[in-house]
Amino acid sequence: MAITLLTPQESAAAGNKATRAAYGQTLVELLGEGLDVYAVDADLSGSTTTAKLGAADPKRLVNVGIAEQNMIDVAAGLSLAGKVVFTGSFAVFGTGRAYDQIRNTVCYANLNVKVAPTHAGVSVGPDGGSHQMLEDISLMRGLPNMRVLVPADYQAARSAIRLAATTPGPFYIRLGRAGVPAVYAQGSQLELGGSAILREGADVTIAACGLEVAQALKAADALQQEGIEAEVIDMYSIKPLDGATLLESVRKTGRIVTAEEHSIYGGLGSAVAEFLAQNHPCPQRFVGVKDSFGTSGGIDELLAKFELDAAAIVAAVKALCR
Amino acid sequence: MNRIELEEQARRIRCDIVEMLACAGSGHPGGSLSAADIMTALYFGGVLKHDPADPKDPARDRFILSKGHAAPVLYATLANAGYFDRSELSTLRKLGSRLQGHPDCLKLPGVEVSTGSLGQGLSIAAGLALGLQDDPAAPTVFTLLGDGELQEGQVWEAAMFAAHRKLSNLVAIVDNNQLQIDGCIDDVCSPNSIADKFLAFGWKVIEVDGHDMDALLLALNSAKACDDAPVCVLAHTVKGKGVSFMEGQAGWHGKAPNKEQLAVALADLGKKEA
Chain W
121 MAITLLTPQE SAAAGNKATR AAYGQTLVEL LGEGLDVYAV DADLSGSTTT
171 AKLGAADPKR LVNVGIAEQN MIDVAAGLSL AGKVVFTGSF AVFGTGRAYD
221 QIRNTVCYAN LNVKVAPTHA GVSVGPDGGS HQMLEDISLM RGLPNMRVLV
271 PADYQAARSA IRLAATTPGP FYIRLGRAGV PAVYAQGSQL ELGGSAILRE
321 GADVTIAACG LEVAQALKAA DALQQEGIEA EVIDMYSIKP LDGATLLESV
371 RKTGRIVTAE EHSIYGGLGS AVAEFLAQNH PCPQRFVGVK DSFGTSGGID
421 ELLAKFELDA AAIVAAVKAL CR
Chain V
13 MNRIELEEQA RRIRCDIVEM LACAGSGHPG GSLSAADIMT ALYFGGVLKH
63 DPADPKDPAR DRFILSKGHA APVLYATLAN AGYFDRSELS TLRKLGSRLQ
113 GHPDCLKLPG VEVSTGSLGQ GLSIAAGLAL GLQDDPAAPT VFTLLGDGEL
163 QEGQVWEAAM FAAHRKLSNL VAIVDNNQLQ IDGCIDDVCS PNSIADKFLA
213 FGWKVIEVDG HDMDALLLAL NSAKACDDAP VCVLAHTVKG KGVSFMEGQA
263 GWHGKAPNKE QLAVALADLG KKEA
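As you go down the protein sequences, you meet chains W and V in turn. For the first sequence, my numbering gives the first residue as 121, with consecutive numbering after it. For the second sequence, my numbering gives the first residue as 13, with consecutive numbering after it.
Derived by calculation from the structure, the hints in this document are not laboratory data. Incorrect hints may have been included.
What the hints assert, rightly or not - The list that follows gives simulated cross-link-like pairs (lysine to aspartate or glutamate, EDC-like), each with its CA atoms no further than 16 Å apart: (1) W:Lys438 <-> W:Asp341; (2) W:Lys179 <-> V:Asp147; (3) W:Lys372 <-> W:Glu320; (4) W:Lys438 <-> W:Glu427; (5) W:Lys179 <-> V:Asp146; (6) W:Lys410 <-> W:Glu427.
Pulled out of the complex, with its shape left as it was, chain W reads as follows (with noise of 0.2 Å):
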């Protein structure tokens, strides 16, 4: 099976959700369907969940304390002696210190390494802007060998974690600290290089990947209202990217708005762009943060703060319809 999609009453009823409540939950299973799975972190593993391999088998789960470049090269060499290697830490230190060590270890030996850190985006809330990886795709996408998978809820996060986990070599997972509405129900699977027609429309295809999917659910209601179909696109698979479904899509619609938690730097937008612009050149409209730092603050603040909010992406469609 693929996905199955929940109705917003269902969505309701499961309530709010953290991406990151699937990661050690996830490898535990792995653990109990007889993977070697190792977990190695950064003395956070209760902020990522990853202690909670630990407390399945103290022995998979190494916590090289405050020291992420450490952290991925001890995970490179646990790969090098067969293990599935699953590194924690936040994304901002998870990728940005440790970037050469993802570069020129487990990328260029393409090692069986799952770069998974959490509190990605400006949705890490209160701890302000040097705690809000806002560059994380952007430069886990540069890197050859890396595929960059990036979760709409638990479910997606929980389908991430295991397609990284059976499929060998490099993978960059961006997990979020906030709670974040159930799209998808139970046993839904997600693919490499695929991606999710959430909803129809004609007049305008909206791409989006994490917590942006819920609030692009929102804006197509809102769009709705106003006579404008939009085309919701989960774009969870950034790297490979579905180019397939996203012609299919703007053909039909001729214009598109892409959302991200992230820089409009790099991340999915750039990316959706890359490809129209080589394959079916249409107008777009980028939805994420624009060219700034985050900032202390409560997360729906946040997120309306920096426009990336469902009324941003309301706005941004209605630009692109003018």
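Keeping the supplied structure of chain W fixed, place chain V upon it in accordance with the hints.
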């Protein structure tokens, strides 16, 4: 091999190093020549359990060249050991070659992991040693670091981790040739005392003359036998060892000899057929 044979093997490796670098026209002779005796002791002295006919043998000991720019000494060692034909050494650094400027494990058998960005090998070796701890074959993981490389902070993250985890199947060899690109390590940013630092981090330390074959064998075998802590073999070496005009010269860190210089180098190394 006995000591005489090992010294002869090291001499042949040094000849291969300067010849391949001259042919390539670029590369790193100084830190390759300083490590030639260490590599010979490991691969030909019976320290490293390895089989060139079966580079992926699960029971093998592992060697990681953390100072990846010393690729020529690794390539010359692997070729002399029989991992690939010595004639391939002349392809070093050329388009299409398996002998990349820095070691690429996806291209060349015998290279455990790609290196080149300094400071990473000890972490990789520590993770590998941890992953092999329960292996019935009990492999030992060796890694070779430069002394300048110790300026990378990650080395000390790894040193702390390896001691904390009591990774007694891990041996870090430091090629203490005293020089880095910009000059003497003590002038650029001194990592000394290297022995005191590793001891303070909880390692065992064995200091050795890195050009004394008997002493090297004793040190490396003792390090391998240690069963309660990771061991640092601090090998005191001479950069450019064996080539008169390269010895002790930082300028020969990353520069290939020309044709005339190669002739002098080979004469220094006693290669008659040059």
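Hint check results:
1. W:Lys438 <-> W:Asp341: Roughly 14 Å separates the two Cα atoms, so the pair holds.
2. W:Lys179 <-> V:Asp147: 14 Å, holds
3. W:Lys372 <-> W:Glu320: 10 Å, holds
4. W:Lys438 <-> W:Glu427: With Cα atoms ~14 Å apart, lysine 438 (chain W) and glutamate 427 (chain W) stay inside 16 Å; holds.
5. W:Lys179 <-> V:Asp146: 11 Å, holds
6. W:Lys410 <-> W:Glu427: 9 Å, holds
Consistency with the previously given hints is maintained throughout, with no hint failing.
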